[in-house]
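A.B. asks: Residues per chain, in single letters:
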Amino acid sequence: MTGFSFTIDGVAVTAEDGETIMEAADAAGIYIPRLCDHEGLRHQGSCRVCTVKAGGRSVSACTQPAQAGQVVENETPHITKLRRDLVEMLFHEGNHLCPICEASGNCELQAMAYRLDMTAPTKFPYLEPCRPLDASHPDIALDTNRCITCGRCIRASQEIDGKGVFGYVGRGIHRRVAVNGADLADTDAAITDFAISKDVCPVGCIIRKGIGFATPIGEREFDSGLIGHKIEEKKRD
Amino acid sequence: MTEQRKARIATASLAGCFGCHMAILDIDERLIELMKLVDVDRSPLTDIKRFTRRCDIGIIEGGCCNEENVHVLRDFRRNCDVLIALGQCAIMGGLPAMRNAIMHSDAPLRECLDEAYITGRYIRNTTHNIPNDPALPLLLDEVYPCSEVVEIDYNIPGCAPSGDVIYETLAGLLSGKFRGFERDKIRFD
Amino acid sequence: MEPATTRHLRPDEIAQIGAICDAVGNDPHRMLDILLSVQDECRWIAPDAMQLIADRTGLSRIAVEGVASFYAFLSQTPKGRVTIRLCDDIIDRFAGMPQVVAAFETALGIKVGETTPDGAISLDYTACIGMCDQAPAAMVNDVVLTKLTPDRGAEIVAALQAGQRPEDLISDHFANLTPHDRATRQVENNIRHAGAVLLGPGSDRAGLENALTMTPDQIIGQIEASGLRGCGGAGFPTGRKWRIAANAEADRRIIICNADEGEPGTFKDRVLLTERPHLLIEGMTIAARAVGAREGILYLRGEYVYLRALIEETLEDRRNRGLLGQGIQGQDGFDFDIRLQMGAGAYICGEEGALISSCEGLPGEPKTRPPFPAVQGYLGLPTVVNNVETFCNAARVLDQGAQWFFDMGTEQSHGTKLFSVSGDCLNPGIYELPYGLSVRDLLVMAGAEDAAAVAVGGASGTMIARDQFDRRFGFDDLSTGGAVVVFNGQRNILEIVEYYMSFFVHESCGYCTPCRVGNVFLQKAIGKFRQGLANPEDIDYLKDLSGTIIETSRCGLGTTSPNPILSTLENFPLVYAAMVKPSQDRIRASFDIQSAIDSARHLAKRRSTIFDEDFSK
Numbered sequence: 001m002t003g004f005s006f007t008i009d010g011v012a013v014t015a016e017d018g019e020t021i022m023e024a025a026d027a028a029g030i031y032i033p034r035l036c037d038h039e040g041l042r043h044q045g046s047c048r049v050c051t052v053k054a055g056g057r058s059v060s061a062c063t064q065p066a067q068a069g070q071v072v073e074n075e076t077p078h079i080t081k082l083r084r085d086l087v088e089m090l091f092h093e094g095n096h097l098c099p100i101c102e103a104s105g106n107c108e109l110q111a112m113a114y115r116l117d118m119t120a121p122t123k124f125p126y127l128e129p130c131r132p133l134d135a136s137h138p139d140i141a142l143d144t145n146r147c148i149t150c151g152r153c154i155r156a157s158q159e160i161d162g163k164g165v166f167g168y169v170g171r172g173i174h175r176r177v178a179v180n181g182a183d184l185a186d187t188d189a190a191i192t193d194f195a196i197s198k199d200v201c202p203v204g205c206i207i208r209k210g211i212g213f214a215t216p217i218g219e220r221e222f223d224s225g226l227i228g229h230k231i232e233e234k235k236r237d
Numbered sequence: 001m002t003e004q005r006k007a008r009i010a011t012a013s014l015a016g017c018f019g020c021h022m023a024i025l026d027i028d029e030r031l032i033e034l035m036k037l038v039d040v041d042r043s044p045l046t047d048i049k050r051f052t053r054r055c056d057i058g059i060i061e062g063g064c065c066n067e068e069n070v071h072v073l074r075d076f077r078r079n080c081d082v083l084i085a086l087g088q089c090a091i092m093g094g095l096p097a098m099r100n101a102i103m104h105s106d107a108p109l110r111e112c113l114d115e116a117y118i119t120g121r122y123i124r125n126t127t128h129n130i131p132n133d134p135a136l137p138l139l140l141d142e143v144y145p146c147s148e149v150v151e152i153d154y155n156i157p158g159c160a161p162s163g164d165v166i167y168e169t170l171a172g173l174l175s176g177k178f179r180g181f182e183r184d185k186i187r188f189d
Numbered sequence: 001m002e003p004a005t006t007r008h009l010r011p012d013e014i015a016q017i018g019a020i021c022d023a024v025g026n027d028p029h030r031m032l033d034i035l036l037s038v039q040d041e042c043r044w045i046a047p048d049a050m051q052l053i054a055d056r057t058g059l060s061r062i063a064v065e066g067v068a069s070f071y072a073f074l075s076q077t078p079k080g081r082v083t084i085r086l087c088d089d090i091i092d093r094f095a096g097m098p099q100v101v102a103a104f105e106t107a108l109g110i111k112v113g114e115t116t117p118d119g120a121i122s123l124d125y126t127a128c129i130g131m132c133d134q135a136p137a138a139m140v141n142d143v144v145l146t147k148l149t150p151d152r153g154a155e156i157v158a159a160l161q162a163g164q165r166p167e168d169l170i171s172d173h174f175a176n177l178t179p180h181d182r183a184t185r186q187v188e189n190n191i192r193h194a195g196a197v198l199l200g201p202g203s204d205r206a207g208l209e210n211a212l213t214m215t216p217d218q219i220i221g222q223i224e225a226s227g228l229r230g231c232g233g234a235g236f237p238t239g240r241k242w243r244i245a246a247n248a249e250a251d252r253r254i255i256i257c258n259a260d261e262g263e264p265g266t267f268k269d270r271v272l273l274t275e276r277p278h279l280l281i282e283g284m285t286i287a288a289r290a291v292g293a294r295e296g297i298l299y300l301r302g303e304y305v306y307l308r309a310l311i312e313e314t315l316e317d318r319r320n321r322g323l324l325g326q327g328i329q330g331q332d333g334f335d336f337d338i339r340l341q342m343g344a345g346a347y348i349c350g351e352e353g354a355l356i357s358s359c360e361g362l363p364g365e366p367k368t369r370p371p372f373p374a375v376q377g378y379l380g381l382p383t384v385v386n387n388v389e390t391f392c393n394a395a396r397v398l399d400q401g402a403q404w405f406f407d408m409g410t411e412q413s414h415g416t417k418l419f420s421v422s423g424d425c426l427n428p429g430i431y432e433l434p435y436g437l438s439v440r441d442l443l444v445m446a447g448a449e450d451a452a453a454v455a456v457g458g459a460s461g462t463m464i465a466r467d468q469f470d471r472r473f474g475f476d477d478l479s480t481g482g483a484v485v486v487f488n489g490q491r492n493i494l495e496i497v498e499y500y501m502s503f504f505v506h507e508s509c510g511y512c513t514p515c516r517v518g519n520v521f522l523q524k525a526i527g528k529f530r531q532g533l534a535n536p537e538d539i540d541y542l543k544d545l546s547g548t549i550i551e552t553s554r555c556g557l558g559t560t561s562p563n564p565i566l567s568t569l570e571n572f573p574l575v576y577a578a579m580v581k582p583s584q585d586r587i588r589a590s591f592d593i594q595s596a597i598d599s600a601r602h603l604a605k606r607r608s609t610i611f612d613e614d615f616s617k
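So the sequences go chain by chain: A, B and C.
In this text, residue positions in the first sequence follow UniProt numbering: the first is 1, and each later residue adds one.
In this text, residue positions in the second sequence follow UniProt numbering: the first is 1, and each later residue adds one.
In this text, residue positions in the third sequence follow UniProt numbering: the first is 1, and each later residue adds one.
Calculated directly from the structure, the hints in this document are not laboratory data.
These figures come from a predicted structure and were not determined experimentally.
Glycine included, C-beta positions come from ideal geometry on N, C-alpha and C.
Among the hints, a few may not be true.
[Claimed, not checked] These stretches of chain A come out as covered by chain B in the derived footprint (C-beta under 8 Å, 3 or more residues):
| # | segment |
| --- | --- |
| 1 | 85–99 |
| 2 | 112–119 |
| 3 | 123–131 |
The shape of chain A in the complex, shown without the other chains:
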């Protein structure tokens, strides 16, 4: 492994051969917004929220290998605007009603909207799809109205749990996360799966029954800090 350096928004960052821009940024305490990427899971590059400019070209930071001497732009007004558009697209694609969602306050989609200053989600039309709720499993429910097709549950189930409870089906705007069977009770999903844990689903789609709304407003994950602050705090140390 050989180290080299490149810059993100003018700050010099070191990377190892084969590291992605995002991995190197994380290690350096620079947060690049992301939704479909999750530490420990295969990089997918589908939400595009981690879009950066590398050498002038738009690339997804979670999949693009860092290169020596590369000039990467991350938090410019233009890129922030692109990211806000993408997050708004996700809000408008599904049925996201924060006031009634038990993930509110712990939701990465919502927290990303806060970070990107999304105050008026009214530019795009609302698609208002008719999506099912799967409460067949005794311990787990799926409210697919809130799914943003990030596929973290798919990879977590395959790569960490060794199961394959979830998978993508359909194409285009009909592409969605589905379960390996007629419904969730028909699969080998268990409440102890990593894929079901609160770390994996960034929104309120995968619901662990019986423990909703446990944390009062004010004490939830993103009540006190912007998303990404944990990575950014590394820089200050």
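Fit chains B and C to the supplied structure of chain A, relying on the hints for placement.
C.D. replies: Chains B and C only, in chain A's frame:
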């Protein structure tokens, strides 16, 4: 807004729950300060039903689910210099707009009313009628955010927005110093 | 009765599906072949069938469902024994498809999207099937019917209902025809101008013999010197691609021919596959020699299934003549063979990475780059993917020499180009002409002097107006995969744009957010313009949203899908400006209260006390 006179404010609740109006009261003791700067014209808070004169700021809670909402919203747009959508319902339809997502048949409104008054599993409606008093405004085919009906100048997010964010926005607009929201004040719940 | 969608498989169906899986060795990478065969035999991919296929191939059911639900030609509801797929391209619509659809619907007593109650015939729309020069067209199972009329539609239905097979519609001795005759009886070539490289006299002569006298490095050198660039539209230098693959460290390399010609308005590969199949295979063989590949795949779009027998005959013929297989032309160690991979109705599979995914038995989703396919492609092996026309050109370069090819065309675009001309012109068809030709010259040749707009490059290309007809085809100016779609002054530009956007919405794979969602928003916005419900600021909104989609999408589909909108905003701005409704007193004229309360008015059986002006009368 001239300094000689107090600014005039009007408010209305359309398809909302009045929670945002309650939130206005969450400004708490700063209300006294605010009232030194403004007169409240048409509003449920004053019970004034019609605009007595042109207002500087109109505050709208709730989206449009029926014809009366549209009528009131247009009236506000005509009579207010600046129009604010207050809270998630006004901004994006909110909970009432949940009906939009479940209505995908050929006769969505009929399906919705049937479900609400006749066929729903938990309905105890012994008359088996859908309310249809002539005084009831006609429902719209779907619930619309305010910005689809009129041009909106500012949106204050939240369900309901905190007293702080309402106060700071109003104070900022009245003093001409409003420069957007602080990140940690943005909340959708 | 149990609903069809939950019906369990019959024992004969279980045996049938098992045999289908066995035929490809239960190989999960052959999933698309398995599912296509099951669709053919059972007329749908039932839930139980997916479980059975999953068990046989060692995959999970959801993985099989992921593939089955991706491709348009695979169905998760039962289809009729005969499926009629009506081409829904804009050219077909302008050529009278709506009347043809009505005739089919009337004769069958069903609507598009439905199956007759006896389960005999299904009627569906499908995206452009590559017959724009003889529209309106349709597929009836594996048979293509062109130049349809309402009367012909009624005849077809009557014949099918009388028990005729789809191929009987072409000829009553179909089985006795040669594969080439079968193809040309179904589809006309419409070669209007044959050029020096691909379609002219003697241009079926290919350069394998010459290639065998050269080292692989020399072959690549020839291709590089010829200036040949990919003919699918992107124009990547072919020689460079071959060299990257040749230099990549691996003990297996793959040659793939992209015959997934899906760009609306493009049909040149159809003609090459029909008239120059040997040239194509020879080009692939030369590429194999150059990069050191032993395996090849010819990916044929599902819509061109009528050419399958012709291609298979060509492959078999070349195997018999020692031009394919072990020890080609007696050269020890020069082994190369090709398998035919059928597509199943997915435009995105024309994208290099998606094509490879599809060959691997996966949903046709583009792959993350880097790595690039020439380094790590099919099953992680160095893979050369080239278009049909590119391989044919490569074979001709080896036959005639690099300089000969280089001398044709322009500074950045050498050789000739096959143009697929369709739409409002007297002579639709294929024109092989040197690069550097002006749009106007081509329009004159095609009898399209009254053209008002031309979509150069099809849906993902550029829509130009009269004042730009002096622009020239080539990578220097107007680059194109070959589609030249002509519209006269009577055509509604916004209708064309709306169609193109609906096409991209239908064909987006859905992997990345901007392409999956953004294109739906663009389509809806154009719909508002067409209805006269757009706000003035919606023009900027279209540009802004297009910019986001282009900048953040993962593959070429998303980076080009806003082109119809951006190029018409630029070249036909009045079309948009005429349709916007400015707000009055800042009240949106685009919100139509009358239509919003109309259903409530009917349900409540009363008029509005607010918005019905005659209420008091």
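A.B. asks: Hint by hint, note whether the structure agrees.
C.D. replies: Outcome of the hint check:
no.: 1; hint: 85–99; in the structure: holds (count 4)
no.: 2; hint: 112–119; in the structure: holds (count 6)
no.: 3; hint: 123–131; in the structure: holds (count 5)
No hint from the list above goes unmet by this structure.
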